[in-house]
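2 protein chains.
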Amino acid sequence: MKAKVHVTLKRGVLDPQGKAIEHALGTLGFTGVDDVRVGKVIEVELQETDAAAARKSVEEMCRKLLANTVIEDYAIELTA
Amino acid sequence: MKAKVHVTLKRGVLDPQGKAIEHALGTLGFTGVDDVRVGKVIEVELQETDAAAARKSVEEMCRKLLANTVIEDYAIELTA
Numbered sequence: 001m002k003a004k005v006h007v008t009l010k011r012g013v014l015d016p017q018g019k020a021i022e023h024a025l026g027t028l029g030f031t032g033v034d035d036v037r038v039g040k041v042i043e044v045e046l047q048e049t050d051a052a053a054a055r056k057s058v059e060e061m062c063r064k065l066l067a068n069t070v071i072e073d074y075a076i077e078l079t080a
Numbered sequence: 081m082k083a084k085v086h087v088t089l090k091r092g093v094l095d096p097q098g099k100a101i102e103h104a105l106g107t108l109g110f111t112g113v114d115d116v117r118v119g120k121v122i123e124v125e126l127q128e129t130d131a132a133a134a135r136k137s138v139e140e141m142c143r144k145l146l147a148n149t150v151i152e153d154y155a156i157e158l159t160a
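As they're listed, the protein sequences go chains L and Y. Per the numbering used here, the very first residue in the first sequence carries number 1; after that it's consecutive. Per the numbering used here, the very first residue in the second sequence carries number 81; after that it's consecutive.
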């Protein structure tokens, strides 16, 4: 079973990496870019075959390691 | 119009960040993790309202700045 964990900064949290990209795009001549935000995708390959158990395990991974829940949100997507 | 750009390392390219996460998960007691890979998601908010023009522009952004096409693949997802 494969889990895709999307980790994004919460709304309102400053994203310097995004701002740097936005600025660089402007420098390269791209106009009409209003905002850029950067997030992470962590793909975890699990031996677990039960979707409910896999989700529970990945939830715990997110809380303990993958996301900083003070400033980040996470979303889990499971595929067979 | 909003574009989500998924940037992932190509198959076969070593992912040290993923390996570090895999190791840390093991240390935390998570068993049954076969592989971990880490990618980026860049969300770009565009003024452009035409989907075809937006895709063309974002493709160019990917080639010029957002992805290193030697070692990374990118996928573009557009939403209104």
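Bear in mind the hints are in silico, worked out from the structure with no lab data behind them. Bear in mind the structure is a predicted one, so any value in this text is a computation, not a measurement. There's no promise every hint is true.
[Stated by the list, open to error] Under the rule of at most 25 Å between Cα atoms (straight-line distance), these lysine-lysine pairs were calculated in the DSS-like manner:
#1 L:64 with Y:144
#2 Y:99 with L:19
#3 Y:82 with L:19
#4 L:2 with Y:99
#5 Y:144 with L:2
#6 L:2 with Y:136
#7 Y:136 with L:10
#8 L:2 with Y:120
#9 Y:144 with L:40
#10 Y:144 with L:19
#11 Y:144 with Y:120
#12 Y:84 with L:10
#13 Y:120 with L:56
#14 L:64 with Y:82
#15 L:10 with Y:90
[Claimed, not checked] Not the full set, but computed from the structure, chain L residues with beta-carbon under 8 Å of chain Y:
#16 13
#17 14
#18 34
#19 43
#20 48
#21 61
#22 76
#23 78
All C-beta atoms in this analysis are idealised placements derived from N, C-alpha and C, irrespective of residue type, glycine included.
Verification of the supplied hints:
no.	hint	result
1	L:64 with Y:144	violated, 36 Å
2	Y:99 with L:19	violated, 28 Å
3	Y:82 with L:19	holds, 16 Å
4	L:2 with Y:99	holds, 16 Å
5	Y:144 with L:2	violated, 31 Å
6	L:2 with Y:136	violated, 31 Å
7	Y:136 with L:10	violated, 29 Å
8	L:2 with Y:120	holds, 17 Å
9	Y:144 with L:40	holds, 20 Å
10	Y:144 with L:19	holds, 17 Å
11	Y:144 with Y:120	holds, 16 Å
12	Y:84 with L:10	holds, 16 Å
13	Y:120 with L:56	holds, 24 Å
14	L:64 with Y:82	violated, 31 Å
15	L:10 with Y:90	violated, 28 Å
16	13	violated, 14 Å
17	14	violated, 15 Å
18	34	holds, 4 Å
19	43	holds, 5 Å
20	48	holds, 6 Å
21	61	holds, 6 Å
22	76	violated, 14 Å
23	78	violated, 14 Å
Checked against the numbered hints given earlier, this structure breaks hints 1, 2, 5, 6, 7, 14, 15, 16, 17, 22 and 23; the rest are met.
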